[in-house]
Amino acid sequence: MLEIKELTKVYDDGTVALKNVSFTVPDGEFLVIIGLSGSGKSTLLRCINRLIEPTSGQIIWDGVDITAAGQEDLRRIRRQIGMIFQQFNLVKRHTVLTNVLTGRLGYTSTWRSLLGLWSRDDRERALRNLELVGIADKAHNRADELSGGQQQRVGIARALMQAPRLLLADEPVASLDPATSHSVMKYIEWMNRERGLTVLCSLHFLSLARRYGTRIIALRAGELVFDGRPEEIDDRRFKEIYGEDAIEVEIR
Amino acid sequence: MSERSFYVRWGRYLVLIALAIPLYIWSWRTADINLIDLVQGAPKARPIISDLVRPSLLARERVTLSVSTVVRVPCDGPAPEPPAAEGPTVSLSATCLNARDPLVVSGSGFRPNTPGRLYWRVAGLEGRLRDEPFETDAQGRFTVQTDIPPLLAQQGGVHALDVELKWEAGTLRPSETLRTTVDKMIETVFLALMATTFGGLVAVPLSFLGARNIMPATLWGNTLYVAVRSFFNTARSIEPLILATIFAIWVGFGPFAGVLALSVHTIASLGKLYSEAAENIDPGPIEAIRSTGANEWQVIWYGVVPQIVPPYVSFTVYHWDINVRMSTIIGFVGGGGIGLELQRWINQLQWNSAATAVWAIVLVVSAMDYASAIVRERLV
Amino acid sequence: MERAEHVPQPAPANRRLLAPLLSFVFPGMGHIYAGRRERGMWIAITTATLLGLLWWLELWSLLPALVPFWLWNAWETRTIVFGRRPSTVKLVMSAAIIVYAIGWRVTEIDVQQLAVGASKIRPFVVSLLQPYYVDREVTYAASSAPVQVPCGDVPPPTAGATGGTVVVPTPPCASVGESITVRGQGFPPNVEGELWWENPIGDRARLRSGGQFITFLTDAQGTFEVRVTVPDMVPRQFQETAQLHKVEARYISEVGPWRLTETSALVAQRMGETIAQALMATTWGALFAVPLSFFAARNPMQFHPLALLVYYLARTALNILRAIEPLIMAIVFVVWVGLGPFAGVLALTMHSIAALGKLYSEAIESIDPGPIEAITATGANRVQVVWYAVLPQVLPPFVAFTVYRWDINVRMSTIIGFVGGGGIGFLLQQWIRLTDFRSASAAIWAIALVVTVLDFFSRKVRERFV
Ligand SMILES: Nc1ncnc2c1ncn2[C@@H]1O[C@H](COP(=O)(O)OP(=O)(O)OP(=O)(O)O)[C@@H](O)[C@H]1O
Ligand SMILES: [Mg+2]
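Chains as they are written, first to last, in my numbering: chain A, 1 to 252; chain B, 1 to 380; chain C, 1 to 466.
It is possible that some hints are incorrect.
Going by beta-carbon spacing under 8 Å, a handful of chain B positions derived as facing chain C [claimed, not checked]:
(1) Thr-30
(2) Asp-37
(3) Ala-45
(4) Glu-187
(5) Met-194
(6) Leu-224
(7) Val-226
(8) Val-228
(9) Asn-233
(10) Ile-249
(11) Gly-252
(12) Phe-256
No lab work stands behind these hints, which were simulated from the structure alone.
Using N, Cα and C, we set each Cβ at its ideal position, and we do this for glycine too.
Could you put together the complete structure from these sequences and hints?
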């Protein structure tokens, strides 16, 4: 169970990105975070694995306070939390395989990883995960030779390598076309359903959120303005979240 | 930008240009622009241009044939017997003479149509005294008239007279100039290579200190950043030639001084390029690697290094190219490479030799330019 | 980089042995045999070049440094016949061993010399912190006494008092290399002074001990006492007979106000010359390069094969000219128009034409045809097309490149004086040669300042234009 308590983030320049956000995520949930651009979705997700240091508040995961963890503990926590990014964030000049293998860095000693001495087990696992996302044949290509959808699947394989219990996905499909978006979302859904991962995923399109989320929370200017089941979002709620002038667009 | 605003903007620059006119007048005067000299000096440049297209590349071996005979000056003893020799013979009108007496030297059996010269070996002195030139006829004979140099009379005794013919024979082989040029061009390229390597090795760690995104935003971090960046800028502004003058005092003349001078300059300019490249890396992959639970070393090795290697290598190759250009002149101040020989040849007005060096420079520099462009293209 | 080559397949067993063997006999052969033609050719060419270098430079003693490359290349063929991709980085690194071994020898690297020569460069480093821009006029007061060197039959005269201050050497005679004590009386209290020696023909030198100049400091009574060694300031053959030398104690009696030195004036004047030279060369260079660049750009020259020929000729000429450093051209122009800044201007102009010509022509080549099409489509005539579609595209890069060139030309004209081409270089070189390091330091800091400032401005201008 993941508990977020009174989380606040103020950036160095004074921007208040999160204001007293509190919610709880039971294990196995597919939680979708929606909200306008700049509402604080990325900040929230990055606070959970402390890529961004929260200003105040607590994040408690299975009884462990992430916000209080020291460097060594934090790394041990991070390796159990997979993360997927909008811009894929692959190391472009490395091969697909190496990119996937970097998911094991938290489990590999420094000198072995600096020399590139991955264990046989890790290599096999990497190839299996690439097969799972359907791009095993690209294992030895350079990452920047792949299409956007393929790159995001590499990102998913990388996250799978961590054998995570929690998956953070920051707008995983915002750079992809609708058809590809669905195929990527289906992998995430599969991880949630078959592997039992808890998923926190921020999305731009409400239709996608409705389709995949088991629960939705909405942020507006850093504040939690909605927390409920997908079907609860009606026209009024929609306007509350996205503003008076917004019209919902469908993505299929 | 609308078309109109473009020209309005440019109109403003025209005003600026008008203001620059006094600056130009001052510059014209200060720089001593003198077009008359340029035209009047043109004849002096003619041999340069014509020799520039005739570099000295190949030469035949030079053969020297020397036949000696003897003369007594002043004539205060018996006339000496000419040494008996086979082959070509030389006969003198007299062998016992006084200062300024006329002397006719004739010979036969020499190589036909070949230039030669008379030399005196004065008794009791080292070296030779140059006298009349001549050329043999189609039958290998010659007659040349001269008179006895007074120096012979001053020294007194029996002096030797050498009749010397020189001609080229044998196969064509690389001229001495060409061999020196090749030697020195090899030195030039290696000089640049060593300097680039040393400079690069020092510049890599320094460049991290000079990168905003890598240095922590603490007081120490900022101080170090500013210090390193200022060093880059100042050291870069001093031409390697000036540095070489200083290093020549330090370690003596020779390529090592050049290597050091170019290294220092390379540290500064590569350091600057490197740190700018390091500042431009994509933070995304670093974030991704960090989120897997990797430690700092792993983040650097998997997130930072792959991103900086291509620009670093490309800048290094580019700088090797620049260093080759610079090392062609670093010899002017005693820093090794082709520069010293080139300057010497020009100062001695040996334009053929200078042309050899210049063409070698053109060849090597263009090749480097081309190669470095290809390598850089392939890297990105 | 090898990605483009064919997808490797495991080779039949006989190749697995033969390929390494062939590459061992001569590098690259096994690669060619195993089907990696291009790689094999490069390896063979590299090996031949390296062997040729060793032969030409007669450096056969470095042959062992070639072994790692030789062995690695043979080993690598195994990777290839087993169908894996060979590592170019490792191969290059093994070749680097021999390359750097040659480089180390050719460039006569001698790290020890750095330590040995350090004492020679110390004064320079110290002077670097004290550029000779300002100084103060000082007046000395001095008092001297005779010293007999060496001791002779006639007893040496005793010192006479000069103006209240007295210097007494004891003993009053000594041989070269012996020590004497110099006492002073009647000096002002607590002043620092220096000791000088004058030989019978009037040559003077400041006394040193252990490489440092000797100074004295008077006490509250205005007296001091220093031990000095009689310096060797007389030709050996005259050292037998007793002669009268002088030891002098002097101190600064008056200090004038700070004033600019002659060096500052010279540096300022020559820096001005440097900047003017660069400006002239850039302007002339740009004026010639603009028309030339149109001939050296591919797209406007494609209308006729003859024009294309002109394009190739122009390109080649620019490339040749660009390869020759301006300093080399300056030597030639010094012969042509005589010593002075004009020769430097001409040399820099030639180089600028070549460099700018290349950059300009590349700017012309990368012009976007879109706007030209659009303006032509409106029914504009040729002049209008050039005015509204071509010029707005090429002017900004032209200006940026020109400003950048000025910046480079200033740097270059700081050294063009080394060969007599005017600017600050000539003086700087003189000062370094004469070990007048404080003046040299003044020049160096002036160069650093001017170049850095210009660098900054040229960067700003370029940012605005591109
Ligand atoms: N490093 C930073 N420094 C200062 N302010 C920041 C920083 N990163 C984000 N912000 C600000 O914090 C607020 C929230 O940003 P955040 O990136 O979390 O929004 P988001 O909901 O992810 O938006 P988007 O949908 O566009 O990705 C914004 O106002 C943004 O400008
Ligand atoms: Mg975001």
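Going through the hints against the structure:
| no. | hint | result |
| --- | --- | --- |
| 1 | Thr-30 | holds, 4 Å |
| 2 | Asp-37 | holds, 4 Å |
| 3 | Ala-45 | holds, 5 Å |
| 4 | Glu-187 | holds, 5 Å |
| 5 | Met-194 | holds, 5 Å |
| 6 | Leu-224 | violated, 20 Å |
| 7 | Val-226 | violated, 14 Å |
| 8 | Val-228 | violated, 15 Å |
| 9 | Asn-233 | holds, 5 Å |
| 10 | Ile-249 | holds, 6 Å |
| 11 | Gly-252 | holds, 7 Å |
| 12 | Phe-256 | holds, 5 Å |
Consistency with the previously given hints fails for numbers 6, 7, 8, ordered from lowest to highest.
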